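Colleague: Read off the chains here:
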Amino acid sequence: MMFLKAENISKSFGGVRAVQNVSLEVPENSIFALIGPNGAGKSTLLNLLSGIYQPDAGQLTFQEKNLIGLPAHRRVRLGLARTFQKIRLFKQLTLLENVRAGFHIHQDAPFWKNLLHGNSGSFRDEAHELLEFVGLESLAGERAGALPYGKQRLLEIARALATRPRLFMLDEPAAGLNGSEVDFLLDRLIQIAGRGITLVVVEHNMDLVMNVAQRVFVMDHGEQLFEGAPREVQANPRVIEAYLGGEFQ
Amino acid sequence: MSARLVSLLIAILVLAALPWLLPTPYWRGILVLCAMNVLLALSLNLVLGYTGQLNLGQSAFFAIGAYVSTILVKTYAWNFWLASLAAVAAAGLLGLALAAFAVRLRGHYLAIASLGFAVITYQVLVNWEKVTEGVRGIYGILPPVASTTGLFYLVAGITLVVYVLIDNLMRSPVGDTLRAIREDEVSAASLGVNGALWKAFAFGLGAAIAGLAGCFYPGFVGTLVPDAFNIIESFTMMAMVIVGGMGTMIGPVIGAIVLTFLPEVLRDFGEFRLMIYGLALTLVVLFMPGGIVQAWRTLLRSR
Amino acid sequence: MTDLLTLLVQQSVNGVYLGCLYVMVALGLTLIYGVLNQINFAHADFVTVGAFAALFTATRFGTKVLGLPDTGAYLLSMVAALGAGALLGLAINAAVFAPLRERGDELRPLIATIGVSVLLENFQLWLLGPIPYQFDSPFSLETIRIGRIFFTAQSVLVVVAAALAIVALYAFMKFTFLGKALRAVAQDRETAGLMGINPNLLIALTIVIASALAGVGGALLGPVLVLTPFAGATVIVKAFAIVIIGGFGNMQGTIIAGLLVGVIEAFTVQYLGSGLIDLVVFVLLLVMLVVRPTGLIAERKEENV
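Protein chains in written order, with this note's numbering: chain A, 1117 to 1365; chain B, 3 to 305; chain C, 4 to 308.
In short, the hints are calculated from the structure, not lab data.
Quick caveat: nothing in here was measured; it's all calculated off a predicted structure.
From the three backbone atoms N, C-alpha and C, an ideal C-beta is built for every residue, glycine too.
Be a bit skeptical, because a hint or two may be false.
Pulled a few chain B residues facing chain A out of the computed Cβ check, cut under 10 Å [claimed, not checked]:
id	residue
1	R181
2	L193
3	G249
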């Protein structure tokens, strides 16, 4: 049984084919990297997997459940979570409120209880733990919009983890981070994977990809170019020609 | 005793004392009006302030509450409370109807759609003369309680209960969810939030509360004409929410109080009154973007 | 049967005339939305001010001081209305749009312009009183007849003015450097800034052009409206509906929608009664929003996630 499986999915925007006939299989308990030059269709593919877009054609299953037609918010309940390339935090809310909102699908207090008691304590401890995990606990009461860029990325990860995902998709988590921030991120990603959460990472940072990923999926012009272990990708002439080029010699 | 309970007790005491502090019938009337305005501001704040939906049509729900309750009492001889229940339900359902648009539209499109919704409601009130009496209006409407003080206690009491319940809700995970939608809907969906469902919830509840305020208005004024529910009414509610500080609980209350009493205080200025009102609205937006509440907080911090 | 045909043609002619008036007002709204993504609620009052400026220019200045004939005075008054609108545009940009632009939010500029609208309406109320003014255009008296279809010289003037405005606007956008720059700003403010275009100046220019259009619209609408300080408000709700039906920021869509609403209004008056105009227009708006939320001429934009 394949964990996440896409077969021949395609998506066009006004005649431009962003993703064409892409098939991929993400095994459970792995770190799966999605790479390719700018405009290769990686983010679109992630949006198709997470349900922000629906594909024009193709099959998409998660743990053998059909995802086609299922909107993003329903997929979260199946265990899919994601972060965004352009960070999308709730900027006016505090860090704690951001993470608390992530527990949405696990809230089970009946409506009347919320109405009569406020019940503001739910998942408070867990939210603090997640902030602790990404090293932001001391800033819990700050406004998310006031955070420096690197910390915003980490907060977005903590917020997504609050949904308790089984498959976690990250869209360029290292973009805009400095060296030490990338190291910290790398460490956290390995820890997340260690908790049995499968990761799909769109990334430009090759160190990160080659160090953590078990499988690497290369895209170019909306199509699949190559798939294999990091070593194979590094050695593949087509990939080097299309994408890595001088950057990787 | 928690700080919340203390504030609640103080609020009850102040409300109880108010009719005796402002003893003339005129000022007691203003008090009733003020309580209704607070209720309306609370209702709009739920949609505009907490859920972030640009709704310019709140006056429509106020109108539905007023007309449905009055017609049921006057034409069909219903009991006031039963009629009010029906009116609140009707307003809530109409709120859900507007939500059907809010689910598909964003920002300014929703603003104009909701404006259109209010225009249509107003036009129906004017044109459906068989039921609403049109511009001729409905006369001789009695309030549920005879004395102005009694009416104030009733409306203020209901408003206080509504305030506490909304406050609870906004402290609960429901509040987190609505705020998340306001901040970023796509992001909220990535956390499993069904935006359509929760927007419908906010619109429906907000509309029902505005409808509730509408139930008390006709009896207080004694007459009912469509002009009381002009688009300007929506703008006035919005001004209260913004001037006070939207997305906070106390802000709209302060805004409603200030904007109810300001025109009365300015009555001596005659024709300048509404000019000052318009100027004040613009200036607040320009120089106090978070309204009175935020300005106050900034002031406290700087001292 | 020919009677029915005559009636249909006559009402269509009336509708196009009305539609042209609405287009003048709605074009300004859509122009501002195109570059700024903001709604100017006070646009309504620019129409009213334009109408009053025209009225007083024609009656107090044109005929009395300059000794112009009625027709000359009316044409002069259109220029005055244009100027009044342009000045108001300059003022509202400086007071509201420029200071609020940096914060990039949809709500606050909207509310600030509502405040300006209330201020302007009540200022005019204080200055001019609530009693409607009589504003006769000399061109309204001249009737032109083609076959069995009647229309006034005023309606010809309105159609010509609207056509001129549209042609001038298109020519400006297509052929001048400023127009091209404007389109660049509308598409992408940051990139336009990099190209050495000063977006602030261009946004100001757009608002001035849009407001001048509203002013002229006022001069042309003056004879049609019940001219009180609140006259513009009755037009603006329809203009909003037109802008939405046409698709916010889409000039072509706005023109088509404006004419459509004019024709629908003419037929509503004929068959349902004038009291139902707003009802019909806004029901159409809501239906439109359900069927085609992006307007008549769809501009498909995928959100960049």
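Colleague: Each hint should be assessed against the structure and marked as holding or not.
Modeller: For each hint, the structure was consulted:
no.: 1; hint: R181; result: holds, 6 Å
no.: 2; hint: L193; result: holds, 5 Å
no.: 3; hint: G249; result: holds, 8 Å
The structure agrees with every numbered hint stated previously.
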